[in-house]
Each structure stands twice: as C-alpha cells, then as structure tokens.
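Put chains X, D and L on the given structure of chain B with help from the hints.
Protein chains: 4
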Amino acid sequence: MSVNIKRIGVLTSGGDSPGMNAAIRAVVRTCAYHNIECMGIYRGYQGMIEGDFMELGPRSVNNIINKGGTILKSARSKEFMTPEGRKKAHKHLSEAGIDALVIIGGNGSFTGGLVFNAEFNFPVIGIPGTIDNDIYGTSFTLGYDTALNTVVEVIDKIRDTASSHNRLFFVEVMGRDAGHIALNAGIGAGAEEILIPEEDMGLERLLESLKRSKASGKLSSIVVIAEGDRIGKNVFELKEYVDENMPEYDVRVSILGHMQRGGSPTCFDRVLASRLGVRAVEELLKGTSNYMVGVLKDEIVLTPLENAIKGKSQIDKELIRVSDIVSI
Amino acid sequence: MSVNIKRIGVLTSGGDSPGMNAAIRAVVRTCAYHNIECMGIYRGYQGMIEGDFMELGPRSVNNIINKGGTILKSARSKEFMTPEGRKKAHKHLSEAGIDALVIIGGNGSFTGGLVFNAEFNFPVIGIPGTIDNDIYGTSFTLGYDTALNTVVEVIDKIRDTASSHNRLFFVEVMGRDAGHIALNAGIGAGAEEILIPEEDMGLERLLESLKRSKASGKLSSIVVIAEGDRIGKNVFELKEYVDENMPEYDVRVSILGHMQRGGSPTCFDRVLASRLGVRAVEELLKGTSNYMVGVLKDEIVLTPLENAIKGKSQIDKELIRVSDIVSI
Amino acid sequence: MSVNIKRIGVLTSGGDSPGMNAAIRAVVRTCAYHNIECMGIYRGYQGMIEGDFMELGPRSVNNIINKGGTILKSARSKEFMTPEGRKKAHKHLSEAGIDALVIIGGNGSFTGGLVFNAEFNFPVIGIPGTIDNDIYGTSFTLGYDTALNTVVEVIDKIRDTASSHNRLFFVEVMGRDAGHIALNAGIGAGAEEILIPEEDMGLERLLESLKRSKASGKLSSIVVIAEGDRIGKNVFELKEYVDENMPEYDVRVSILGHMQRGGSPTCFDRVLASRLGVRAVEELLKGTSNYMVGVLKDEIVLTPLENAIKGKSQIDKELIRVSDIVSI
Amino acid sequence: MSVNIKRIGVLTSGGDSPGMNAAIRAVVRTCAYHNIECMGIYRGYQGMIEGDFMELGPRSVNNIINKGGTILKSARSKEFMTPEGRKKAHKHLSEAGIDALVIIGGNGSFTGGLVFNAEFNFPVIGIPGTIDNDIYGTSFTLGYDTALNTVVEVIDKIRDTASSHNRLFFVEVMGRDAGHIALNAGIGAGAEEILIPEEDMGLERLLESLKRSKASGKLSSIVVIAEGDRIGKNVFELKEYVDENMPEYDVRVSILGHMQRGGSPTCFDRVLASRLGVRAVEELLKGTSNYMVGVLKDEIVLTPLENAIKGKSQIDKELIRVSDIVSI
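Chains as they are written, first to last, in our numbering: chain B, 19 to 346; chain X, 19 to 346; chain D, 19 to 346; chain L, 19 to 346.
Do not take every clue at face value.
Each pair may be met inside one copy or between any two copies, as identical chains are not told apart.
No more than 25 Å apart at the CA atoms, straight line, and that leaves these computed lysine to aspartate or glutamate pairs for DMTMM-like [unchecked claim]:
| id | residue 1 | residue 2 |
| --- | --- | --- |
| 1 | Lys335 | Asp316 |
| 2 | Lys109 | Asp70 |
| 3 | Lys109 | Glu68 |
| 4 | Lys330 | Glu317 |
| 5 | Lys304 | Asp342 |
| 6 | Lys232 | Glu73 |
To be clear, the hints were calculated from the coordinates, so they are not data collected in a lab.
Source: prediction; values computed, not measured.
Okay, chain B solo, but in the shape it has when bound (with noise of 0.2 Å):
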C-alpha cells in the first residue's frame, strides 16, 4: 500500500448507536494487522479538541463486539463547528502522530470530517454508525437492525396487553426524518397501521382504516408511529382524536424512546461493523479519503461523503404496500 500512514484516530460521533463497538474494535484491529498504531478519540470532535485520546492495541478491544453504546464515548460539540476549534483538533492530531480518521457517525459527523479534511487536507474515511437508517450510500447503518429487533421485541411485549385488553396501542418509535425503523419494525410486529413521514396518511384514512380493522374482526391493534411522522398531531393529540372518533376503543400510547439507541448488538451489525471496520483502515491505507464505507446490494461499496450528506436513504414503497396487504 502506497501512502505512508504510520498511526490511525478512530472516533465515534453523534448519537451511539449498537455496533460502534463492533466498528471500533475492527479498525483496532485491522490496523495491528496491517502493522500501524491506532489511536482512540473520546467523545468525538470534542476529545479531539482538547487532545483527549489513548492508544488502543488489539488487546484493548477484547470483549467489546457484544456491547452497545460506544467505549470511546460520544458528543456533540459546537467549539468544531468554529475554525479555531478545527484548528485545536488538528494541532493535537499532529502532535499525537495521527495521519488518518476513521469516523463514524452520521451526517452530522461526516460533514465535520469533510470540512476537516477541506482545511487540512486531513485523511478521513466514514462509517455510518446511526439507528436511523437515513444515510445515503448505504441499506444499512450499524445499530438499525439492533434497533428494528428492540422495538419488534417490545411491541411484541405490548401486543399481549393490548390483546388482553382489547386495546389500540399507538406506539411511537424514533428514526429522525425517516421511516425505516416504522416501516420495518412495523412489518415485523404486525402493526395494523404504520404512520411515517414519507408518506402524509391523513387522520381520515387512518380513522378509516382502523374501523376497517375492528369491522375484520380484530380485537386490537397496533399503531406504529415514526417520531417525524407528518400526519400533524403527535401522538397525545391522535390518542384524543381516536377517544373522540372510535370511543369503542380503549387507546393507550407507548414511547420508546432511548431504549432503541442501546442494547448488545445483533449478529447483523456485528459482522457489518466488523466488514466496515477493516474496509475503512485498508482504504486508508490505500489513499482513500472523503468516502463513506457502506453496504449496497450485499457489497461492501465506498459512497463520496459529500454524497452520502446530500442524499437520502430512500424507504422501500413496495414495504408500504406489502404492510397494507399482510395486515388485512
């Protein structure tokens, strides 16, 4: 491999997400393979401000592929945003020795590190590291599938009260602008409904729908909720306007909030994390910068960050249509 790069800063940024451990412990390890040194960033762009790092060797990353959350701790922080703290960031990443990033995070996080690398010509490579599923350039972010299978687990615990109960459950899950985690997670819980901002449903056909549902001879019913979902009402205000509309419905609202970001991570992201990880380190190695590494078409492919910002994570319409027929 051609480019001289001696020593690697791995960070993670943003919200934490289930397999960033995974990633972390990858490109650790990648990096003993290759025989260069690799150092950890705490806390994101703000540990590297204020130089916060520590030397990570393969032994340092034993037993973490299980865990969620992210051992290198995660921030936001406004002072990267000035050119002064840039300038802090880098001064301490050549004084470590550190000729390379490997980031992972989400748009937020790659923006950061295009500009970083616009400034100071600095080598940085992405890794999608959200629940979200909402960047482009990739069909899965680490931590999606960790959080599809966390919601379908809770709701599967709600559905045996609200069955009990002959309850309606709305059920609000996260995702940001997106609607990956409703649509799916909605799918595999067997959600009556799925509300997502892709898509304005309306609170007619909703009304509508969940009659039709009563009328089929179910009992309850779930309704799955995206946190950005355009439907003009959050999800208090749809409870009041189901009491008023359908009174024969006892209707009861769950949100998931946190819980989604954590939890060990699934086989899935593990091996995704693990695929990503070494992929990142070796285009690096090769020269590479300003790409996101990601998966499309059971392909691991390299996406230009300035793409993966700019775009979107498109949801599946065909998913749409295939909740309206599997929940009949």
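Here is chains X, D and L on its own, set in the frame of chain B:
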C-alpha cells in the same frame, strides 16, 4: 375431599400480567387430574355476566405456559358492581353448572369475588396476579418477577446510551401506589437514585445526591421513579427542575409504560403460577373459600381475601439502605 | 391477473425454521387481499397425501408472526417419493379445490414440488425456509438471521464463563454442508477461529492459530465449528487433539443443537417472510410456476426451482479474511 | 463496629455464576461506604498464593452489575490444598495488608476458607455463588435464578421445533448432584417428565409416563434430565432405549452445557448479590467469621460455614407432585 364440586370456573380480571396463562394452565390441569371439569370465563366478570364461557381440557392449554397476557382476556366490568349484574353472572354460572371460582387478579378482582360470595355463598379462591406486587399475604405476585426483568433489561440498554453521552436519565416505572418495582429494579439496574411512594425524598436531597454522585466520578446517572412517587412533580417537571439546577447534566426522560405488563414469564413466575394454580383448585375441593393462595417465606400459604384486600404489602426498608450503599 | 386460481394451498416441509409462521400469515392474508381462498396443509407432503387440510382466513393467522416453528407442522414423507403417494396427494388437492401450492422449505421440499408439477402440471412456487442459508438464488433464507442471533447470544454466555476460567471452547453449530452459520455467527461472536466445510484448515494450522492467539495475550478462546466441517475429526476428537497438544488450555465442548431451529423470529426474518409470502401468492396469480421467490442484492427476485436445487449458495470468501483480521 | 478491619479482600472461586460481579460490586462499594479499603484477588485461591491483587474503588466496579462471569476470574487451585500453598497465600495477604476475606463460591471454596481460617485465624465470610443451588443455608444461590431462565428460554426454542415435528426431546441440564435446576426449569418449561438425582424413577415408569402422555393427545414431549440423574443411563443411552421401545417417537437429544453458567444476571440475582455483598462486609466489620450469608424465608441469614458445607439443600418434594399434575 369432602365437598361436591364438579366444575370449576376460572377467570382473569384487572390488569393482565405475565404468568396468568401459566396459572390458567395449572388450574385446568389440576381439575383434569382430580377428574372434575373446568370452564374458562372470558373477559373477567364481564364475561361472567354475559355467559361467555368455554370448556377447557388439558389439551386446551398446551403451549401457553410461556405466553404473556391471558388467553381468557381481561376487562373491567362496571356492571358487576351492581347487584343486577352479579345476579346475571350467578344465573349464568348456575346454568353452566359451575360450582366454584378461581379468580386470578388483584385487589379489585378479589373484592368482586368476596361480594359475590357474600351474596350467593359461592366458593371463590384468589390467585394474586399483578406486576405491582402490592398484595398483602404474598411475597410475590404473578408477573412481578417478569416485570422486574423487563425493566432491568430496558435500563441496561438505556445505560449504554447514557454512559456513551454522560447523560442523566429519569426512568419512570409502573407500580401504582407501591415502590416494589422501582426499588428492586432500581437496585438491579444499578440506579444512582430511586424515588418511591413509600419515602418522600424531597427535591433538595435528590439534587444533593446527584451532585455527590457526579463528584464521586460518575459521568452518567440513572434515576428510577415509581409512577406513584410523592416527590410532588411528575417526571417531566423533575427534568426541568434538574435542568435548571444542574445545567452540567444532559437530562433525558423515559417512561417505560405498558411493555412492563407483557412478555414471556420468567421461570420464577411460571413455577409460582403452577404451584398457586394447583393449590387453588385443591383448596376449593377441600371446601375452602374466600382465601387467596400466595407464597410467604418460601411456602404456599392461605390468606383470607378480606385481609389481602385491606392489608398492604410493605417494601423491605433494608433494601433502601442497600440501594444507598451499592450506588455509592 | 389472468390465471384462474381460486384456492391456494400452503405447506411447510423439511426442518422447521423461524419465520415460517410469518410466511404462512403473509400467504394467507395475501390470498384474502386478492379475494381468493387459502387452505393450510398440515405436516407437509404427508398431510397432502392424507388430505389433512384446514381452511385459513386472515383471522386464523392472528398473533403468529412472532412464533417460532410452524403452525402447519412439518414432516418428512417417504410416501410422497412414490408415484402412488403423489397420486393420492393430487386427488386430495383436487377434491379440496386447491389450484396451486406455496411450498415453504428447503431443497428437498422444492424437489418434491418440481416432481409433483411435472406429473400433474400443478402450479407450485417455493419460499426458502431453512436456517442453513444453503439455497441458491437467495442471499437469505427464512430463519437464518434468527439462528445467527441465537448462536451469537449463546456464545456470548459461553464467553462469560470461558473468560472467567481462561478456557478454550469448541462450539459446534448447525449448517449441514454449509458454513454460513459458522462463519457469520463466528465473526459476530468474536470467535478466535472458525472451521467450515468450504475450507479445510487442517489440524496443524488450527493449532498454530491457537498458539498465536495465546501468545498475543488472549487468555480464553472460542472456536466455532460447522457441523459439516471437513477437518476430519468430530468436535470431541478435536478436543482430545488439543488437550494433547496444548495442555496449557482447559478445553470444553458445546454442541448447540436444535435450539438453533427455534425461537421468535428476528425483525429481519419477519419482514423477509412477509415480502416473500406476498410475492409468492401474487406470482401464482400471474401464472408463474416452478420458481422460488428469494432476495438478492436487496430485491425480491425469482429463481427457477431447478436452479435453486442444483446450485449452491456460496459463502463470501472475503468474510474469511475479515474473520482472520478481526480475531487478531 | 468493634473489630479493627482496614482492608478486605474479595475473591471468586470454583465455577463462575451470573451475579458474582454484582456481588463483587456490592462488596467493594460497601467497603467504600464504611471507609475501608478493598482488594480484588484474581483467580481465587491461586491468585492469593501468587499475590495477584488489585485495589478496587467504587468506580472500579462501574457497569459490571449486568455482566455474567467474574471480573476477578476464577480457578481451581491444587496448591491451596497444601499447607505450603496456604502459607504463601497468607504471606501475600499480610504483605498487602488484607485483614479479612469475602469468598464468593460454592462448597469447595468454603472448605478452603475454613481451613485457612483454622490455620491463620483469618476472618472469612462466604457468599454462595453457584448455579446449582446445592448449598445448605440458603434458598437461593447466586446465579441459580439466571440459569433457570436460560434453561427455560432454550427449552422454549426447542419446543418450537419439537412441536413442529411431533418429536420427543431429552434435554440434559446442569446441577451436579442436585435436581434444583432440572425440577424448577422443567416445570417452568412445561416438561412432560423430569428426571432428578433425588428420585429414581426407573426406566419402566418413564416409558409408561411417555405412553400415557402420548395417549392423552400430546404430540411432542420434552423430558428434562439432571446431569446427576440416577436412572443408570446417560442421555444418549436413554434415547436408544426409547427408540427401541417407542419407535413411534422421533427422539432427539440436547445437552445444554456451559451456556447455563453465563449470561447477564436476572434482577433477582442482582438484588440478592447486592444484599449478600453488603451484609458480608458488615458482618466482617462486626467481627463475624466462618459464616455464610444466605437468604432463607425471605430474610438474609447467617449459617456457619461448617453447616453449609456438611448440609445439603433439599429439593421441595411438593414440586414433584406439582410437576406431575401440571404435565397431565
């Protein structure tokens, strides 16, 4: 056995809890074992009023021991609070040849059973089924152990993200007026602070405790709050209060909600349900009525329903001290 | 849709796998959605021969999406391998008015379907259901993702005790002649070494690898072995071999066995099952026959059953390299 | 508190079990709470002999309450069985200023502690940590509840496939010479038959029971067997015996093995560990020695180590009757 009971009815009433199906299975099979018949009564007292019954044989309850919820469904019945309602219920029981009742539920359900017994001299026995563990006369109610594990598993996930971001989480758990879930799951989850109805900690002491915790080097914290806690503020107001007084913390809220009522029961709840179900039927066959079967000091014991209703299951105050020590 | 199909039969055949129930549900509800009828055929081809059918409507498949196993049961049928057996089966299908078949199973099941189609010109379509992921024409079979997670969760537990005692564990996993489960779950579980049928590592290299692992500071090790591995020794012989040659290790064996076939399916398997079930029915309605529906490069695709049977799903050789690197 | 203890050592010994880390955490933090120091001793008595110690403060045990295994590792030490070995151990303890010991383990570990105390008048207190629940003086040992749930979850998965194929499974579980795990997990998993060392069922009765079960309409069966069962045949011989005598069954075997020792502890085990850890330290500070802390009849109690070792924790015979009834 001296009394002439030929057909026992079994119902679940009030909030459902994991282990109810295991108890139904045990009741049904104990009837079969003693060569008497068993009828399932759907939707608690409401189904009794409507005559919504179904004969249950040993094969009817195959593969339900591991299912959350209740196959007999549950409901709250206003009509059963009226003498007319109860008269209808009695008529249906007589017509169906049901001689005695096993009532799986909480205090409200037991009260209904006592009134019914007083009016019609109808043999009833209770099995404590609620996740809240708030029933006098038993150290453990059905579903409580499962709920504790559900809460602990969720907080384990939340801790992943809390410690990745150095955050403070307020996690609200169920328990009605009792702090059993909060206290035990709080210790199990390693919570830094636990707020329960049985103790009014006061806002200042909470703040002091959080500051001490921070000073001791803890970077993230979990505070578990029972829904009936008396600190005088709901969990969102608490967040605001801490936001104002400890701006160094990034505070988040999570309300666990109904998922705590569902899920496959733990081994403990399944075994307890089996023991209580067997004993409940055998007590009815011996002529016992108006008692609850429970477990105290490792033994299955009887408590008059009247006492079960009036009494209150106390939390173990020593556990509060244990929590203070191990969260240091 | 042009063909005149009025009633579709669905069966599960061969080894059961998680997601089969979700696929049955999707098939049944897609039939309802398109206003055709659906019959469940019990115990695979054996039930077809015996006319063991049951009409299934959309409410018949409530609350099964999250259940392992198959509500239609499965069996291997010797009689179906005879022309007389198949003749009986065809007679029963005709009498029941079944016009087309959805076959959920593996290669053996598909072969049966092809033969049946050849003899009676009966429309059949296959859905790949097996944990082994060894079917050509699909990147993922139903149940494979669930099995991976089951294996990884169990090895996580084994690692607790392995690292508490500085032990070496040989863990045998399923997969018949394919190393998919071993390779992916091995990477996911952080195994030090993975033995698969596709690669003959040889005993010496295994020993060298374990010694290198020990020398690198690893105190405990997990070796994952596919049941079809060709190293020429079964897992107990392997233990003996290592006992003799590396007496410094305390070696234990764990054979995971049938638990890998059960359990509530993951979200991935539930969504995949839903997509394949919808597509299978819609293809039959379009007049398609003798194809398998699968997923390749993120899309639902058709593969002639003949190819599915003859071909072999290859492991991703790059994963072997990833495993070597991340286990350094 | 009257005795002059300034530094307590804590070790885990024998087979590891879930909850040991929670107990270590409680011991360490209780020391901090009472302003005394705590030293972790690695690899049990072997580490004591080698002086393999590490100072542990309250922050050293962050985030371990939910981890299986033991951060202090465990080992069996032959050298500690010799007076010379124990002399070395005592010398290391003295040099490190350790005044008293908390021993987390089983009977073998307690025996070691008693001998050590007899020779050097060194204060020791035991915490029962083993999944087998075979220790006299406590209704529950650390890890037992977790192991029960692990077993039940696995058998739930096996039942999926058993009932899909109408199979009979023999499932072998741990427990050394005690049937606690088999009996309780067997009831929890809904096993048709349970074979434990405390009862010699005999082969004929097993066969009769299986035939009765089949006759009653059960299509599949689970038989749980304790590893120390006295039926005189190992589990594979049992399979052969049933194969010959009940050819109508398709019999399979599953040996659960070491996974039973690992995994994140249940809430019950975590709370128990916390209570026992607090009490163990406070007893040492009060001058108590040669006792085990355990839980009996819902209360934390002391039992002389001598009695704990000599006695045997009896199974609850009533549970055998309950099992017979609910598996009808």
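Results for each hint:
no. : hint              : in the structure
1   : Lys335 <-> Asp316 : both (20 Å within a copy, 13 Å between copies)
2   : Lys109 <-> Asp70  : within (12 Å within a copy, 41 Å between copies)
3   : Lys109 <-> Glu68  : within (10 Å within a copy, 46 Å between copies)
4   : Lys330 <-> Glu317 : both (19 Å within a copy, 19 Å between copies)
5   : Lys304 <-> Asp342 : between (47 Å within a copy, 20 Å between copies)
6   : Lys232 <-> Glu73  : between (60 Å within a copy, 22 Å between copies)
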